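Protein chains in written order, with our numbering: chain A, 15 to 564; chain B, 6 to 70.
Simulated from the structure, these hints should not be mistaken for lab results. Small disclaimer: the values here were computed from a predicted structure and weren't measured. Do not rely on the hints blindly, as some may be mistaken.
Claimed, not checked - With the Cβ distance kept under 7 Å, some of the chain B side facing chain A (calculated, not the full set):
#: 1; residue: N14
#: 2; residue: A16
#: 3; residue: A38
#: 4; residue: L39
#: 5; residue: L46
#: 6; residue: R70
We put the beta carbon where it would ideally sit given N, CA and C, even for glycine.
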Amino acid sequence: MPSAYSQPVFPYVRHPDQDARSPAHHSVIIVGAGPVGLSLAIDLQLRAIDAVVIDDNNTVSDGSRAICHSKRTLEILDRLGCGDAVADRGVRWNAGKVFFQDDLIYRFELLPEPAHKRPAFVNLQQYHFEQCLIDRLRETGGSVRWKNKLTGVTPHSDRVIIDIATPEGNYRLNGDYLVAADGARSATRGLLGLECKGQEFQDRFLIADVLMKADLPAERWFWFDPPFHRNQSALLHRQADNVWRIDFQLGWDADPDLEKQVQRVGARIRAMLGEHAEFELQWVSVYTFQCRRMEKFRHGRVLFAGDAAHQVSPFGARGGNGGIQDGENLAWKLALVATGQAPDRLLDSYDAERGPAADENILHSARSTDFITPKSAASRTFRDAALLLAKTCPFARGLVNSGRLSSASTLVGSPLNTPDCAAFSGAMVPGAPCADLPVLHDGEPGWLLDFLGGEFVALYFCSDDRDIGAIEAALRSLPVTVRLLRVSLQPASFGGATLFDVEGHARQRYDAKEGTLYLIRPDQHVAARFPMFAVGPLRSALARAIGAAS
Amino acid sequence: MSTLNLENNLAAPDDFYQALIDVHRGLTDEQSALLNAKLILLLANQIGDLEVLKAALAKAREGWR
Numbered sequence: 015m016p017s018a019y020s021q022p023v024f025p026y027v028r029h030p031d032q033d034a035r036s037p038a039h040h041s042v043i044i045v046g047a048g049p050v051g052l053s054l055a056i057d058l059q060l061r062a063i064d065a066v067v068i069d070d071n072n073t074v075s076d077g078s079r080a081i082c083h084s085k086r087t088l089e090i091l092d093r094l095g096c097g098d099a100v101a102d103r104g105v106r107w108n109a110g111k112v113f114f115q116d117d118l119i120y121r122f123e124l125l126p127e128p129a130h131k132r133p134a135f136v137n138l139q140q141y142h143f144e145q146c147l148i149d150r151l152r153e154t155g156g157s158v159r160w161k162n163k164l165t166g167v168t169p170h171s172d173r174v175i176i177d178i179a180t181p182e183g184n185y186r187l188n189g190d191y192l193v194a195a196d197g198a199r200s201a202t203r204g205l206l207g208l209e210c211k212g213q214e215f216q217d218r219f220l221i222a223d224v225l226m227k228a229d230l231p232a233e234r235w236f237w238f239d240p241p242f243h244r245n246q247s248a249l250l251h252r253q254a255d256n257v258w259r260i261d262f263q264l265g266w267d268a269d270p271d272l273e274k275q276v277q278r279v280g281a282r283i284r285a286m287l288g289e290h291a292e293f294e295l296q297w298v299s300v301y302t303f304q305c306r307r308m309e310k311f312r313h314g315r316v317l318f319a320g321d322a323a324h325q326v327s328p329f330g331a332r333g334g335n336g337g338i339q340d341g342e343n344l345a346w347k348l349a350l351v352a353t354g355q356a357p358d359r360l361l362d363s364y365d366a367e368r369g370p371a372a373d374e375n376i377l378h379s380a381r382s383t384d385f386i387t388p389k390s391a392a393s394r395t396f397r398d399a400a401l402l403l404a405k406t407c408p409f410a411r412g413l414v415n416s417g418r419l420s421s422a423s424t425l426v427g428s429p430l431n432t433p434d435c436a437a438f439s440g441a442m443v444p445g446a447p448c449a450d451l452p453v454l455h456d457g458e459p460g461w462l463l464d465f466l467g468g469e470f471v472a473l474y475f476c477s478d479d480r481d482i483g484a485i486e487a488a489l490r491s492l493p494v495t496v497r498l499l500r501v502s503l504q505p506a507s508f509g510g511a512t513l514f515d516v517e518g519h520a521r522q523r524y525d526a527k528e529g530t531l532y533l534i535r536p537d538q539h540v541a542a543r544f545p546m547f548a549v550g551p552l553r554s555a556l557a558r559a560i561g562a563a564s
Numbered sequence: 006m007s008t009l010n011l012e013n014n015l016a017a018p019d020d021f022y023q024a025l026i027d028v029h030r031g032l033t034d035e036q037s038a039l040l041n042a043k044l045i046l047l048l049a050n051q052i053g054d055l056e057v058l059k060a061a062l063a064k065a066r067e068g069w070r
């Protein structure tokens with residue numbers, strides 16, 4: 015099959031740990047150098063935590079796989095220092111179209127609100143995405159131990175011992191914590207005899223990466239029952255390098271080996287794009303999918319993240335994006351625990367926060383699947399009714415479900431949240447990921463999220479600097495670093511390092527008034543918010559946010 | 006809090022019933038099923054209240070397990 019892309023081969027390099035007399039020790043061992051393991055590794059590297067990544071392979075993913083990277087993922091990558099690498103390489107998109115039979119029934123916008131740094135999505139093949147992360151990990155001084163295969167996991171109360179096989183024999187490592195980011199067929203899960211339970215869907219999908227020059231917009235196009243593929247669905251996405259992703263629903267009875275044949279795939283694509291379409295097939299796969307999860311994501315000193323912990327259907331781009339959010343949730347917690355700044359039980363909150371997020375992703379993707387693949391005649395009838403109405407009745411577009419696309423999880427009900435003590439409006443409830451804002455800094459335009467960084471931040475909406483000295487002194491008395499970030503609601507400049515809410519969105523997005531103070535977690539989620547600064551409540555909220563509240 | 010109204014709420018029940026039957030005239034069973042589904046979705050949107058809709062769904066399901 016012709017290919018415009020050839021996978022890199024990363025060399026196996028012997029590590030001094032393999033020659034150690036007794037097993038070397040590392041704070042965190044990450045199994046799996048996919049998007050989740052790599053982003054977590056960069057995060058830990060930036061936090062100066064000693065982390066090792068092992069992977070049984072020696073290259074990036076084959077095929078495009080997870081292509082839709084959400085706004086939240088890009089914001090996380092911005093904090094990790096590779097948001098631009100991914101965004102510049104990929105294809106931005108904010109809109110989608112839904113077709114039913116011969117008609118376009120509606121177009122939708124995923125980011126209807128202006129003034130955000132990142133678009134709703136950037137499409138980029140997973141192999142490019144992983145390459146960006148590998149490059150960034152290297153820049154930060156980290157690396158991956160390629161061709162290091164996990165063969166044994168022995169959890170203890172105070173550490174985890176793991177056995178690794180390499181082309182040059184076996185060796186052993188000790189870790190304080192092990193993060194299993196080793197995918198849907200997690201070796202770690204298998205070695206520990208743990209289950210991942212749920213629902214398998216009785217349908218098959220053909221997925222093709224097609225290299226072609228096409229004059230189509232960068233939008234997500236979804237067809238129900240199109241003339242070129244009757245009684246099934248189809249999906250088209252633009253990726254980088256003139257590669258297009260096309261998914262065809264095949265039904266449960268399809269023969270996967272037959273359907274992967276180049277001529278057969280080619281015929282399907284010509285039916286879609288026209289007899290004279292010129293294209294090359296880069297990658298073809300036939301897949302089924304499951305919606306399932308492990309009951310708990312934390313098992314002592316072993317933590318499961320991404321597909322290893324939970325799997326969803328691809329409709330909604332919730333697999334990769336959910337996994338990246340798992341990694342970001344873990345990174346700061348592991349760092350605080352590893353440096354003795356927070357108790358080990360902070361890691362329990364990983365399961366408490368990402369478990370419900372996984373449930374939400376599974377719920378949405380299962381519902382999408384039921385709409386796309388109706389399980390009964392009545393279900394099919396209602397689906398078609400909704401599609402028929404959607405062209406002329408806006409309400410029915412809310413019922414059409416071709417995938418509810420990934421948005422950042424609000425960690426409602428997290429034990430780390432401090433409930434509001436005053437009335438606030440807006441979306442920035444405790445547990446919410448911070449909304450972006452255009453800001454001015456030293457007269458230069460920028461974005462709020464880029465200034466939040468990866469520490470605890472006291473985000474203080476205040477236009478005068480009278481109390482700043484006292485506040486900074488109070489913050490210094492806290493047990494964990496909390497950086498003060500002042501955002502002025504006034505257009506005019508005043509002294510000191512601060513930001514200006516240049517377009518006036520803070521009042522609406524943060525319900526910000528003079529003196530409003532947010533405690534923001536290192537993963538840029540809201541921990542607490544107050545109508546004014548007071549050190550006592552801030553201290554309590556911080557203790558709660560690091561799992562140290564009694 | 007509204008509840009499912011089981012008392013008559015139609016000013017002209019016979020007129021409604023006739024219109025409901027008439028609208029299906031000339032349709033195949035499959036087309037009728039699709040029309041009913043569209044009608045349910047339109048009416049559900051008009052009602053809006055999920056509690057009322059769930060009560061109606063449960064009432065319609067009564068008698069079957």
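Double-check A38 of chain B for me: the hint is only fine if its C-beta lies closer than 7 Å to a C-beta in chain A. holds, 5 Å
L39 of chain B as an interface hint toward chain A, with CB separation required under 7 Å: holds, 6 Å
Under 7 Å, Cβ to Cβ, is where L46 of chain B needs to be relative to chain A, so tell me if that hint holds or is violated. holds, 6 Å
Please check whether N14 of chain B passes as an interface residue: C-beta within 7 Å of a C-beta belonging to chain A. violated, 22 Å
Does the nearest C-beta of chain A fall within a distance shorter than 7 Å of the C-beta of A16 of chain B? violated, 25 Å
Supplied contact hint for R70 of chain B, tested at 7 Å Cβ to chain A: violated, 16 Å
Against the hints set out earlier in the document, violations occur for numbers 1, 2 and 6.
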